[in-house]
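Student: Sequence:
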Amino acid sequence: MHDLVASFVSMVLIQPLEEEMTQALRARHAPPAVIAAATACLRTAEPRLAARTLTEPWWTVSHSLRFWTGLSRPEAILVQVAPRCGEALEGAQRFLDMRYVRS
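Note that our numbering gives residue 62 to position 62 of the sequence shown, counting from 1, and the numbers run on in steps of one.
Quick list of simulated restraints, FRET-style, between CB atoms:
| no. | residue 1 | residue 2 | range |
| --- | --- | --- | --- |
| 1 | THR69 | HIS29 | 28 to 34 Å |
| 2 | ALA24 | THR44 | 18 to 24 Å |
| 3 | ARG94 | TRP58 | 30 to 36 Å |
FYI, nobody ran anything at the bench for these hints, they're computed from the structure. Predicted, not measured: the structure shown is a model, and the values here were computed from it. Glycine included, each C-beta is placed from N, C-alpha and C at the ideal position.
Generate the whole structure from the sequences, applying the supplied hints.
Tutor: Given below as structure tokens:
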């Protein structure tokens, strides 16, 4: 059961988030180290998120809805699950919050 949930979490949340974040960071010319740290953080959070999904399904449903409706940023959910990711995601966020994108 755990493997099924882990695959679902990876497919529905982690992979799309990783792809979107990587593309956005590359578009904003973020250094490769920042991109690598952010994606490594996502991968670190994946098993913890799967475990939390199994133990607290309502937490998962409510946070998933908040994420997909735009009420909550995915980084906030990831930092709750994997607090050590905060620094990596903060570094990435500096580039994602930029209003000016170099061409």
